[in-house]
Every structure is written in structure tokens, then in C-alpha cells.
Amino acid sequence: MLHLVLFLIFGAICVAGAVNLLVQRHPINSALSLVAVMASLAVEYLLLGAEFVAAVQVIVYAGAIMVLFVFVIMLLNAGEEARTGGSRVAILFGIPGMLAGSLLVAWVLITHSGTQEVSAGALPGPPREIANLLFHDFLLPFEVTSVLVLIAIMGAVVLAARPESIEQQKREG
Amino acid sequence: MSLAFQASQALPRGTDYLRILPELVLSIFGMIIMVLDPVVDQRRNQKALGTLALIGSLAAIASTLWQARAPGLAFWNMVQVDTFSVFFHFLITTITAVVILTSYEYMEVQQIRVGEYYALILFGAVGMCLMSSAVELVLIFIALEISSISTYILAGFRRRAAISSEASIKYFLLGSFATAFFLYGVALMFGATGSTSIPTIEQHLRSGSIPVLAYVAIALMFVGLGFKVAAAPFHVWTPDVYEGAPAPIVGFMSTAPKAAVFAVLLRIMFQIHAPGRLGLIWVAAALSMTLGNIGALVQQNVKRLLAYSSIAHAGYLLVAFAALPQNGIPSAMFYTASYAAMNIGAFAVVSHFGGAGERYVTLEDYSGLGRRSPVLAAALTLFLLSLIGIPITAGFFAKFYVFSAALQANLVGLVIIGVINSAVAAYYYLRVIVVVYMHDPRDESVLPAVPLELGAALAITALTTIYLGLLPGRVLDYASRSAGDLLH
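Those protein sequence lines, which keep their order, are chains A and B. Residues 4 to 176 in this note's numbering are what the first sequence lists, from first letter to last. Residues 11 to 498 in this note's numbering are what the second sequence lists, from first letter to last.
One or more of the hints may lead you astray.
[Unchecked claim] Partner residues aside, some chain A positions facing chain B, computed with beta carbon under 10 Å: (1) Asp140; (2) Phe141; (3) Leu143; (4) Met157; (5) Val160; (6) Ala164.
[Unchecked claim] Rough simulated footprint, nothing fancy, chain A against chain B, three-plus residues with beta-carbon under 8 Å: (7) 85 to 97; (8) 139 to 150; (9) 153 to 164.
Derived by calculation from the structure, the hints in this document are not laboratory data. All residues carry an ideal CB built from backbone N, CA and C; glycine is no exception.
Pulled out of the complex, with its shape left as it was, chain A reads as follows (with noise of 0.2 Å):
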């Protein structure tokens, strides 16, 4: 039951943030908002008995991950956004299709939870398993990881870089 209340309070804290991060027009008050959502999300890690999980949430998201964030957004110096209208068609097609696709799904999870879902007790929770998981079952996946981080780093080169610079090196060369 408190498990059941503790869900609940956390779960619509977690929603709320998210919203509140979209709704923000300062790019500091969306990503404060996204700490609530990540530590509330820890909090839910939490409920399903996933202790080091939640840890590690708290600790790279929560922390290292958003400390860049502010980072970024006080080097950039970014300040308000501009309001926009918003586009015609998000308002008469996409918020109804997104509340018909979040009914549906929530109406599935409501009717068909308890026949064939997975325990929380049967996941693994504690740092032994998980690292069992992630150096030995999940090896390659977590290891190609290091490729998606590359080429990620790549892309912000080449797309940060300065058009000219080609003909540049040419006419130093």
C-alpha cells in the first residue's frame, strides 16, 4: 500500500516536471525542472528494488549530467525564449492523438496488468547482478556504447567547426 502511495506521489511529480520542463521559456528553469524528473525517477528505481540503479541516477543524472547542463546554458548565455504561436497543426492533431495514444496504452497497462508482467523482486536490484549484466550478458552492447559516444563527440566537432576552415588551410598551405 505505501509502496502503492509512494509511486503515485513520485510518478505525478516525474509527469509534472516533464511538463513543466516543456512549459518553461527559460532554458534554467526547464532544466531545473528536469532535476526534479530525475530525481523523482530514482525514487521510482527505488520502488522496484533497484537500490544501485537509483544511486547511479542520482549521481550522473541528478548530478554530473544536469552540473553540465547549467554549464552549458550559462556559457551560451541563454535567455528567454521567444513565444511562437505554435503550430496549427500540433494543437488539432497532435495533442489529441498524444492523449488518444497515452488513453490506449494506460487502458492495456490498466486491464491487462497482473496476468503475465514481471515481478519487481525477480529483476536484479544489487550491483553484483547488474554487473554481472552489464560485463557479461550485455558485453557488446556495452561495449558498441562506446562507439555511439564517438561518433556523438564527432558530430559536435564537425558540426561546431567553421564552414570556411577547408579553404583556409588551403591558402595557409
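Assemble chain B onto chain A, guided by the hints.
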């Protein structure tokens, strides 16, 4: 998870590495290019780095052929090497090699720095290859992200053209949204079956009643993957992105990532026996064929025209997914290979003819191409005829097999829609051919000669198009065997 298992084999063995050898080779060459980029002289490194990338992709083709002799699972049931994965590995690495050949001249004419360009193509190919051999949804997701992110970046490589940056950001935003759908589908599938491993999911869904959650999961995964193959109604990004991205890259991203995603779709739809497959595929295929062809009718820009054509072709290909597995899978695989040959060829012509800054891309610019450059015009005509599906070209047998597979599954309605659409499509492809041969040239200036590398790429794609149109048997047999492997 089980400690006993871990004790028996704690470290990956040699065969494990053999089974991801093409991916390893591609990654190593990608890294060598990045390390050499600042060292090699900028004025000469254009070609040197491209050649290195070409060697890398050829080495990957060779390692695919070598790997084919040792089929099996690797890395604790993460990847599976069989004729199915070898088929797609061969296709993707060959596409990579041909696209690198078409890029040589383009990059020089457009004055673009090449270092990261070739490395990104190779790393993207790593993701695409992994997608075709992965049998675990988590690995498929990571590989899909590698392939997607590298194409987002490559789409924005014409830094001086605002339209290219627009293409990149549009593709990135919509693409990340689509990937989120896929990931949500994977999560729900885990909820429904307790596993993300495809064989386990298959067993679970076969053994008992199918949970409703699995239907929702399949639908969400289809949304994510449908976006990546530009199937309607998730196709809206395609014309804008194809118009803005560099022409050789459009040739790349309309074939290689699509082939990889189709491989994943084949696994999910047929190997899992996806519940609710027929309805989803029916709607998406009919919509893609119709919207793609109608959109293409009014295009004046050749790149946009080919973008709408690629939406329509995704629709024809999806028809095969609604058919029965034993002939749906081979016909889909054959279509993927044929489409790759003709589409890369068409974009190779577009990239050569575009000139600096891709100035000549409208239909009017193509008027009189037949007189100005008979060879280029002949090649373009061949690829367009193949895209229509005229006999003795690859496109004919591709469509023939797909539609006959659909007929055997009694999908008469879908086949009628497909055949009507093929007739409509003939109009806009023939319009290009008419402009090329019947109209007077607007501009009599001499076209730059076709360089050796581009000529080689055109020859490879043209010969493949004709080969598959005359002797489809061998490739189709191999595809049928792969279908057997996939279904066992």
C-alpha cells in the same frame, strides 16, 4: 546472470570476435582515419582518407565472406551469424564501398573537409551491420542509434548551405522522437514477456496466450522503425532531408540504414511472429505507396522527386511484410538489394551533375542531358527504368516477387493498390527521361568529365541492376535460404 554459466565461460572466445569481425574492421578503419586526419596534408588528404575508407569497406566485405563459414551465436546470444545476417552485411558493406566511390569527386567539388566524413560513414556502417545480426532488442536499439546519429550528422555536411543544416536538425529532432517510440515499444515488450532477447520473446509468445501489451509494443516499435524507412504516415521528413543533405549521402541513407532497419523489421515481424502484423503493415504499405507516388508527381526538384519515390518504394517493400514468411522474407530481401543498386546509381548521377553547391538539381536543369553527356544520361535512364520496374532491370523482378508473394497470401487489395501505383509512378520517372532526351539543352557548357571513381561506382550499380534483372536466381536462392535460417 547465473554464476554457473559465468564460470564456464567468463571471457569472449575467438569465435565471438569472428562473428563481429566486419564491425571490428569498420571501427578500426574509422579510428585510423580520425587519427590520420590531422596528420595528413590537407591538400592531398581528400583522396588519401577516402581510399583508406574504401580499403576499410572492402576489408569488411572480405571479412563478411570469411565470417559466413562460421555461423552461430556470439557474445552470450547477442548476435547471430547466419545466411540472413551475412546477406545484409554484404549488402551494407558493398553500399558503403560504392558510396565512398561516389563521394571522392563530390567532396572535392563542394570543398568540404573530408576527415570526419569518411569516418562517420564507416561508423554508421558498424551500426547498420550490427542491426542485421543482433538478436537482442537492447543491442538493436544501440546499433539503431549509431546508424541514425551518424546519418543526422552526415545530412548536415554541406555547411555553407543553410538547407543542409535545416535537413540535419529536422532529421535529428524527428528521428530522436521516433527512436523514443521504438524504445518504449522495447520496454513494453519486456513488460509483456520478461525478456528483450528475440528467441526468448518468440518462445514466450508462442507458448501461451498473447498479452495485449505485446500488440501495443509491436505497434510502437513499428512507429519507430517505420520512421527510419520513411514509410507513411511517418514520411514527412523525407523530402526536406533528402533535398538538403549531400547527394552521395542521400544515396547512402536511402539504402544502407533502410536495409538494416528492414532486416530488424523482418526479425521482429516474422521471427517473433508479431501479433497484429497484418493490419499495421497493410495500412502503412498502402499509404506509403499512394502518398509517395502522388507527392512525386508534382516535384520539380530531382532530389525531392527521388525522395518521394523512396517513400513509395518503402511501401512496395512493406507489401512483402504482409505476405507469408516463406516467400515474403526472400522477396523483401531481394527488393532491398535491387533498390540499393538502382537508387545509389541514380544519386551518383545527381551528385556529379549537381556541380559546386549542388546548383543543378531541378528538372529543367536536366533538359538536354542526353546530348550533353550521353553516358550519364544512359546511366540515369537505366536506373529510372529500373525504378519503374521495366523488365530486364532489377526493379522488375523486385516488384514481381513482392507482388506474387502478396498474391499467394491472398492480399488482392494490396496488390491492386501496388500495381495502380506502379503505373502512376511510371509517369514521373518517364517525365525525367523525356526532359533528358527530348528537350533542348538550356545550357550548352561542357560538363566535367566523369572521374574514374565515379565511373566505377556507376558501372557497379548499373551492372548490378542489369544482373539482378537478367539472372535473379542466385540472389533469390540465397535469400530463400536466409528465410529458412531466420524461421528455422
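Hint-by-hint comparison with the structure:
Because the smallest distance between the Cβ of Asp140/A and any Cβ of chain B comes to about 5 Å, under 10 Å, the interface hint for this residue holds. Here the hint on Phe141/A is kept, as its CB sits about 7 Å from the closest CB of chain B, short of 10 Å. Checking Leu143/A against chain B: minimum C-beta separation of about 4 Å stays under 10 Å; hint holds. Here the hint on Met157/A is kept, as its CB sits about 5 Å from the closest CB of chain B, short of 10 Å.
Look at Val160/A: its Cβ gets to within about 7 Å of chain B, closer than 10 Å, so that hint holds up. Proximity of Ala164/A to chain B holds as hinted, the smallest CB-CB distance being about 8 Å (cut-off 10 Å). For a cut-off of 8 Å, the count of residues in the segment 85 to 97 of chain B with a CB near a CB of chain A stands at 4, and the three-residue condition holds. Judged by the Cβ-Cβ criterion of 8 Å, the segment 139 to 150 of chain B is covered by chain A as claimed, because 4 of its residues qualify and three suffice.
Requiring three or more residues with a Cβ within less than 8 Å of a Cβ of chain A, the coverage given for the segment 153 to 164 of chain B holds, as 7 such residues are present.
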